[in-house]
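Enquirer: Listed below are the residues making up each chain.
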Amino acid sequence: MKTEVVVIGGGATGAGVFRDLALRGLEVVLLEKADLTSGTSGRNHGLLHSGARYAVYDPDSARECFQENALIKKIAAPCLEETGGFFLSLPEDPPEYADTLLRACHSLGIPAKEVAVADVLHQETKLSPRVKRAIWVPDASVDPFRLIRANIEAGENLGGRVFLHRQVVEIFTARGKVTGVKAIDPRTGEEFKIQCHFLINAAGVWAGEIARLAGINLGILFSKGSLVVFNQRLVNAVINRCRPPANGDIFVPHGPTLILGTTSQTVAQVDDPFPEIEEVDLLLGEGEKMIPQTKETRVIRAYAGIRPLLGAREAEREAGPETPNASEADGRRLSRDFLLVNHGAQDQLRGFFSICGGKLTTYRLMAEKTVDAVMDEIGRKESCRTAEIPLPFPREYSFHALEKKLLKIAQIPSANVPQEIVCECELVSKKEILQEVGKLGIFSLKELQERTRAGMGPCQGGFCAPRLTALLLETGKITAAEALTILKNFLEERWKGIRPVLWGPQLREEQLIQALYTEFFNLDRF
Amino acid sequence: MFYDVIVIGAGLAGLMAAEAAQRHGARVLVLARGMGSLPLTTGCIDALGYFPPASGEIVSSPWTTLPQLIAECPHHPYALVGLSKIAEAFSYFQKLTQKIGLPYYGSLNSNFLLPTPLGTFRPTCLVPETMGAGDLTLPEPVLLLGFAGLKDFSPYLAAATLNQLKEQQKIAPHFRAEIIEKIDGGGSSLPIAAALDQESFRQELIKSIRMRLKPAERLGLPAVLGLHSSAEALADLEAQLQTKVFEIPLPPPSIPGLRLQNKLRNHLQSSGVRLLIGLAALLPQKEGDHLSGFALGNSKYSPAYTATSFVLATGKFVGGGLEATTAKIEETLLHLPLSYPEQRKEWFNRNLLGLSGQPFNRMGIAVNENLQPVNAAGKVIYKNLFAAGGIIGHSDSMMEKSGGGIALATGYLAGELAAKYAGF
Chain A
1 MKTEVVVIGG GATGAGVFRD LALRGLEVVL LEKADLTSGT SGRNHGLLHS
51 GARYAVYDPD SARECFQENA LIKKIAAPCL EETGGFFLSL PEDPPEYADT
101 LLRACHSLGI PAKEVAVADV LHQETKLSPR VKRAIWVPDA SVDPFRLIRA
151 NIEAGENLGG RVFLHRQVVE IFTARGKVTG VKAIDPRTGE EFKIQCHFLI
201 NAAGVWAGEI ARLAGINLGI LFSKGSLVVF NQRLVNAVIN RCRPPANGDI
251 FVPHGPTLIL GTTSQTVAQV DDPFPEIEEV DLLLGEGEKM IPQTKETRVI
301 RAYAGIRPLL GAREAEREAG PETPNASEAD GRRLSRDFLL VNHGAQDQLR
351 GFFSICGGKL TTYRLMAEKT VDAVMDEIGR KESCRTAEIP LPFPREYSFH
401 ALEKKLLKIA QIPSANVPQE IVCECELVSK KEILQEVGKL GIFSLKELQE
451 RTRAGMGPCQ GGFCAPRLTA LLLETGKITA AEALTILKNF LEERWKGIRP
501 VLWGPQLREE QLIQALYTEF FNLDRF
Chain B
1 MFYDVIVIGA GLAGLMAAEA AQRHGARVLV LARGMGSLPL TTGCIDALGY
51 FPPASGEIVS SPWTTLPQLI AECPHHPYAL VGLSKIAEAF SYFQKLTQKI
101 GLPYYGSLNS NFLLPTPLGT FRPTCLVPET MGAGDLTLPE PVLLLGFAGL
151 KDFSPYLAAA TLNQLKEQQK IAPHFRAEII EKIDGGGSSL PIAAALDQES
201 FRQELIKSIR MRLKPAERLG LPAVLGLHSS AEALADLEAQ LQTKVFEIPL
251 PPPSIPGLRL QNKLRNHLQS SGVRLLIGLA ALLPQKEGDH LSGFALGNSK
301 YSPAYTATSF VLATGKFVGG GLEATTAKIE ETLLHLPLSY PEQRKEWFNR
351 NLLGLSGQPF NRMGIAVNEN LQPVNAAGKV IYKNLFAAGG IIGHSDSMME
401 KSGGGIALAT GYLAGELAAK YAGF
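Chains as they are written, first to last, in my numbering: chain A, 1 to 526; chain B, 1 to 424.
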């Protein structure tokens, strides 16, 4: 196979680059070693940053976040909820930080404004009455799964091609220039060769591995962040703690759920990170200070992502091997800015670019800068249009759709129920599932879940996973030999996120789900 | 109001305890906070499907394997009840269900091998008459028939998986799948089951099945053969279709579990047992090492019930007998002592469906051979309290496939002992 550009990585950055390249008329192939959003892009808190969070310590990131926030609200409205956000000072927080934050935001143009605590408490009744000061910022929440798939779809509509389960294992070069890659399907070992003039490494956590294939060291530090998901919103705005970034300082309302994050812990590279019970307890302990009801609220799962951070070697030298201040060693102090490396200039390998670091909020800008660099190299002039053209979304899709769906179902006369609901928690109909099944490149329940939100609710797919499996089989997408494996893989992955949050009603429901799979289905023996 | 025996819990263990006590003449009251857990079960009585619990081999005869279990696991509820009492409980249950019009087939001597909605199969011991013909060792080919809109049963998935497994496992028949359209089920088995109680609906259904059924084929249906009249529905279908018919239990609410619950409750009530189900609060009243009764609330107007002896059959987490916080696990009704790992991460294994099972499913209180809750030193906590079913620890019924059998055996014995304590 031949193409002009190969993009490696099906996360936010890769998807953004893919769309941008296609919009500028280049022939592009995207290779992803697993599924779309299977790395950090699918494991964050789904926040569209206002930039305020980085205003004090990382002004460059903050400025970029603020600018991109406004652009993404224009091109991706259906997958956003403009929740707004607050920074809240508690009595134990550094009193001067609120003023520092306000000043920093104003100097960057971020429209942060102090609001009366009484008004905030009136609006968000679950917040702690101990709040001393409150600052409003234009944070929003975003569905990363849908945002990234919209970028992919936009690129595909323009002729770009996406191949999932293609892990790049070799980079071909000739006379100091990239000529192609070899990829394998990790499931089968089957090999694929693709010739290209340009190779863009947007592999996120795995970017260092890709660069090493060309003998290049990127020096990325890995920081694990864990988050928990509650079964209800509790607040309708993003809630930040007004202090230097630390554990458990942000709540993001996300669809019908609420996400509390994050921890930050330097780790060796992990392909499949999951939170530990201790991290969950730490988050709940901190979260409780802003929303006292935190510990009594049902947690439906926990998950973790790995942040690839830049400047690792420098940071290690500065911080030294032992440091009393946790926030110095845990990677929080490292820049959340991104880095574009043109390996032609730096490593004498022309046609090879690495784009790493950054935020979900800045994915579009990262893509723009990357594709600008490619265009420079080719000597073409088409300018970036990703900030002007709206992204494509399915007609029925909207991010916070539960209320609308309920209304719609309530209007259907019960005598003829045409809409079979497959996932009761998120009210996902069979029709919606079948529409997405048709678009699947690979057939996993997780992929269906991320596309439709089926199985995202309180039972986390415990009850609808067999139904989804049956739909995949009935539509001929999977064989009988694959069905049980696909179901079991989903259940085991699901369990990793549920195991740390089992107590109270969640444990009760989980024991029932266990009984379903062991006593009704005997799946433990198959 | 005074009773001889108060049973707390309305699952299989509680209902069996109530029956065992009333048949000796005791006046019995059943109190339950929930609605009873039978509709959360398959409606079959699993006695012992695998032993040791992590074994991959199906137990072919529970009766010949039970002595090994009793020898190896002296604290297992089956070991406390003992072989002869287990046999007595099973045979009493079969007589009882025969009498109340919901006969259960099978015996402790062998396990059935029944298909599941996923197309896997499970070993089970006693089954309602609507399920026995599904046994996978029988050779006749099977037509699995689903209903459009009944989302928890895909005959295509079940048939495809079973045919696929046939290559490696000892499954005799071949499976074929079809769907019947235009049944207004609203996606759940309850309305279809209710419709099948009506003869006119059954006739219509039989007509459309007849067109699909091939000669010599058995007929497998999701478990919707009537809410109340499963015997009539089964007889009707088998007579008119001239073949064996069986049902496959679906995820909760399970119709076969619901049927057993209804029939047992009706029988108990007509035998003079009083049932108070779905209570908001149950507050124990104690006097030293005796329980004296339960109040249904903490106002002075709340009714209170006293008894001579008590059976605790509140189940595990699902039943509400146990409850966990982030840091501890409690027996919810009487705060009986529990032993469990201090660290929450040791309550759960890393694999969901690994053969080593889940520690939290094994949790429960400790009891002596009289099924009386005891403390860590082995001392009886309340002299007039007996326990039954899932609240008793020391077994992994989910891995053994023994939950129904344990409920039956301990419920039967606890009810007898409670009646005996009360002078019967």
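Honestly, the hints are just simulated from the structure, not real lab data. A couple of the hints might just be wrong.
Negatives, chain B to chain A, calculated, CB over 12 angstroms [claimed, not checked]:
hint, residue
1, N266
2, P284
3, E287
4, T325
5, N361
6, G390
To give a feel for the contact side, a few chain B residues facing chain A, derived at Cβ under 7 angstroms [as the list claims (entries may be wrong)]:
hint, residue
7, S188
8, L190
9, P191
10, F348
Even for Gly, the Cβ is constructed at its ideal location relative to N, Cα and C.
Enquirer: Are the hints correct? Go through all of them and say.
Expert: Consistency of the hints with the structure:
1. N266: Answer for N266(B): holds, closest chain A Cβ roughly 25 angstroms.
2. P284: holds, 21 angstroms
3. E287: holds, 32 angstroms
4. T325: violated, 5 angstroms
5. N361: Since the minimum Cβ distance to chain A is about 7 angstroms, N361(B) lies within 12 angstroms and the statement is violated.
6. G390: violated, 10 angstroms
7. S188: Violated. Min distance 10 angstroms.
8. L190: Since the shortest Cβ distance to chain A is 14 angstroms, the answer is violated.
9. P191: violated, 11 angstroms
10. F348: With a minimum Cβ separation of about 5 angstroms from chain A (threshold 7 angstroms), the hint on F348(B) holds.
Checked against the numbered hints above, the structure violates hints 4, 5, 6, 7, 8, 9; every other hint is satisfied.
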